[in-house]
Amino acid sequence: MTNPLFSPYTLKTLDLPNRIVMAPMTRSFSPDGIPGEDVADYYARRAANHVGLIVTEGTNPDRKASGNDANVPKFYGDALDGWKRVVERVKAEGGRIAPQLWHVGMMRKPGTGHYPDVASDSPSGRTHTGKAVMDPPNDEDIADMVASYSRSAASAKELGFDAIEIHGAHGYLIDQFFWDVMNVREDRFGGGLADRATFAGDVIRECRKAVGPDMPIIIRISQWKQQDFSARLAETPEEMERWLSVFADAGVDCLHCSQRRFWEPEFPDHDGGLDLNFAGWAKKLTGLPTITVGSVGLSSDFIGAFQGENSQARSLDDLIERLDKCEFDLVAVGRALLQDPEWATKVKDGRENELRDYDAKSLETLY
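At position 102 of the sequence shown (counting the first as 1) the number is 102 in the numbering used here, and the numbers step up by one without a gap.
Since the hints were derived computationally from the structure, they do not count as laboratory data. Here the structure is a predicted model, which means the values were calculated and not measured. C-beta atoms are modelled at their ideal positions from N, C-alpha and C, and glycine is treated no differently. Misleading hints may appear alongside valid ones.
Unchecked claim - What follows is a list of derived Cβ distance ranges for each label pair: (1) K109 to T10: 41 to 49 Å; (2) D357 to D41: 20 to 28 Å; (3) D141 to P8: 42 to 50 Å.
Work out the full structure: start from the sequences and follow the hints.
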């Protein structure tokens with residue numbers, strides 16, 4: 001049988017040779033925010049080994065408060081020459097690549113990032129516990145937060161990237177607008193969940209203007225937050241449909257649906273009896289293509305692994321069966337590809353016996 005992981009897929013102008021996506025993973029190997037030759041080598045190795053689409057580590061869009069680590073790459077200014085080299089190396093290996101645009105919002109501690117003296121950005125000046133610690137941003141600030149994504153999106157197109165991904169998950173800025181604990185605004189950016197998605201909708205629309213009608217725009221979303229693993233934005237399929245429809249109406253092309261374990265049903269108590277995961281429900285509710293992600297090829301969730309716990313490999317049979325049934329369209333692989341640039345090649349060649357358990361020590365090097 002043909003493994004559906006290695007069947008081609010087309011998303012607008014993005015022609016992929018297979019369904020494997022390299023998930024964005026923070027590496028912090030770009031001093032002063034500038035990716036060097038080692039970063040280009042890192043992505044080129046994966047492109048040479050049958051990764052269909054590379055989504056880069058999170059990159060900070062063109063606003064000074066967007067980052068909390070001076071070694072995380074910027075996506076503006078003097079960092080763009082480094083990203084041009086990354087694109088050239090990946091394309092030379094026949095790969096496709098998208099930058100992830102990542103504003104950390106209130107996850108940024110004062111005094112950190114590329115511009116430690118600037119104030120952090122937020123929806124309402126509140127922490128993840130709801131405590132007010134600063135004034136909420138005014139309309140001008142919010143407009144520039146939105147524009148920072150579109151300025152960097154325009155740069156991505158100019159540099160020859162194949163798509164862009166907007167990070168709207170895991171408790172960072174866009175997700176903070178989704179979360180009623182951190183967003184208590186009373187203007188058009190606040191209210192119910194669909195209203196709190198307005199900021200993300202504006203980001204998508206402005207990015208669309210920047211990249212044109214044909215370049216794919218992906219948004220990464222999640223229910224859980226780094227600040228609260230049990231948090232849920234949408235408790236029912238109906239609520240999720242209203243939330244996701246904001247992105248569809250704004251012109252997004254693909255939903256990258258992050259959950260800690262891809263095999264878990266998103267609404268296990270739903271009367272319909274469906275065991276669809278997050279990506280499966282998102283596709284069913286919107287009709288948009290989806291990417292599933294969450295401990296692919298591993299038996300434990302990635303939080304524990306990043307804290308130093310080893311992760312045993314989980315069979316890919318369930319994943320492949322779900323993909324074959326079109327529950328979702330693409331599969332993002334994180335730690336397995338971080339540790340082993342040949343992971344996709346080994347799976348393609350049936351060399352599963354050569355796949356290794358994940359070891360968090362792999363975070364210490366950029367290989």
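A range of 20 to 28 Å was offered for this pair. Does it hold for the Cβ distance of D357 and D41?
holds, 25 Å
Looking only at beta-carbon atoms, does the pair D141, P8 fall within the given range of 42 to 50 Å?
holds, 43 Å
Is it true that the C-beta distance of K109 to T10 lies inside 41 to 49 Å, as the hint says?
The hinted range 41 to 49 Å holds for K109 and T10, with Cβ atoms some 42 Å apart.
In terms of the numbered hints stated before, the structure departs from none.
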